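Protein chains in written order, with the working numbering: chain A, 898 to 979; chain B, 2 to 221.
Incorrect hints may appear among the rest.
Computed footprint of chain A on chain B, listed as stretches where at least three residues anywhere in the stretch have a Cβ under 8 Å from a Cβ of chain A [what the hints assert, rightly or not]: (1) 156-164; (2) 203-216.
Selected chain A positions facing chain B (in silico; Cβ < 7 Å) [as the list claims (entries may be wrong)]: (3) 950; (4) 952; (5) 953; (6) 955; (7) 959; (8) 966; (9) 973; (10) 978.
Not close to chain A: a few residues of chain B, all C-beta gaps over 10 Å, as computed [stated by the list, open to error]: (11) 21; (12) 69; (13) 187.
Don't read these hints as lab results, they were simulated from the structure.
What you are looking at is a predicted structure, and each value in this text was computed from that prediction instead of being measured.
Ideal Cβ positions, reconstructed from N, Cα and C, are used throughout, including at glycine.
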Amino acid sequence: MNDLIQIISIISAALAVGLGAIGPALAEGRAVAAALEAIARQPEAAGTISRTLFVGLAMIETTAIYCLVIALLVLFANPFVS
Amino acid sequence: MIASPLNAAPAFAIGPLTITWPVVTTWAIMAALALASYLATRHLSLRPGRAQAVLELLVTTLDSEITATVPGNPARFRGLIGMLLIFILCANWSTLIPGVEPPTAHLETDAALALVVFVAGIYWGIRLQGVGGWLATFARPSWIMIPLNLVEQITRHFSLMVRLFGNVMSGVFVIGIVGVLAGLLVPIPLMALDLLTGAVQAYIFATLALVFIGSTVSEA
Numbered sequence: 898m899n900d901l902i903q904i905i906s907i908i909s910a911a912l913a914v915g916l917g918a919i920g921p922a923l924a925e926g927r928a929v930a931a932a933l934e935a936i937a938r939q940p941e942a943a944g945t946i947s948r949t950l951f952v953g954l955a956m957i958e959t960t961a962i963y964c965l966v967i968a969l970l971v972l973f974a975n976p977f978v979s
Numbered sequence: 002m003i004a005s006p007l008n009a010a011p012a013f014a015i016g017p018l019t020i021t022w023p024v025v026t027t028w029a030i031m032a033a034l035a036l037a038s039y040l041a042t043r044h045l046s047l048r049p050g051r052a053q054a055v056l057e058l059l060v061t062t063l064d065s066e067i068t069a070t071v072p073g074n075p076a077r078f079r080g081l082i083g084m085l086l087i088f089i090l091c092a093n094w095s096t097l098i099p100g101v102e103p104p105t106a107h108l109e110t111d112a113a114l115a116l117v118v119f120v121a122g123i124y125w126g127i128r129l130q131g132v133g134g135w136l137a138t139f140a141r142p143s144w145i146m147i148p149l150n151l152v153e154q155i156t157r158h159f160s161l162m163v164r165l166f167g168n169v170m171s172g173v174f175v176i177g178i179v180g181v182l183a184g185l186l187v188p189i190p191l192m193a194l195d196l197l198t199g200a201v202q203a204y205i206f207a208t209l210a211l212v213f214i215g216s217t218v219s220e221a
């Protein structure tokens, strides 16, 4: 029983990180593309745009980090493995 | 077997109190920063020398960043935000010293830093608007938003903690795994990437702390 739970934990941890990275990757790509376009149109606003971009990217990235933390919890602090 | 990144290795014990390595590293960084700032500000003069010029450049840049996010006197937030920025940067880059693990790669340090930001946000909210005014900001734009605003207060600081922890810890973890697989020269590009991540995360933590504290200020 314990072995089965561990196997499922490892698979689910890999799935959580792999699938969880898709959404933030697409979202960050869109955000950077939009910011680059805005900087190309208005180079004088580059400072403000890049500052906002960094904060926004950090926000988006958090979802991927959550997946990573869930994967680590499943691997190292699994409550169902005795 | 890989050691769990959620546990910290104990360094030594004082009576019943176990001191872990992240705490030792944190205190070493604090002592180094305090000594460096004491030495740098010992002989301040109107005609700055090299160290003073660098310091003044740093403070001016920090001030302009603060005024760009929160209008008003930047001196109010200079100490806290500058402390967060420099401490997290030093903590993330302490991995450059062989055998030292950055204290920010452990959840406790990040939780403490996020707690500082949380308390600072409440402090500035109450100081600038009074207790009643600060409580009233939860009912904006309408009273329906009260539960959401309460949850937001908790989750945004929680995400602040998890973001720093996840980024720094994953860097350390990946270098550890690659080091086990191929120890010679292969982890070096990853270490360089880790330095970049560390700098960006320090900047982002400080900026987000400023945004969170500034959101209470700008509502006043």
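Verification of the hints:
no., hint, verdict
1, 156-164, "holds (count 3)"
2, 203-216, "holds (count 5)"
3, 950, "11 Å, violated"
4, 952, "6 Å, holds"
5, 953, "10 Å, violated"
6, 955, "4 Å, holds"
7, 959, "5 Å, holds"
8, 966, "6 Å, holds"
9, 973, "4 Å, holds"
10, 978, "12 Å, violated"
11, 21, "17 Å, holds"
12, 69, "7 Å, violated"
13, 187, "22 Å, holds"
In this structure, the earlier hints numbered 3, 5, 10, 12 are contradicted, and the remaining ones agree with it.
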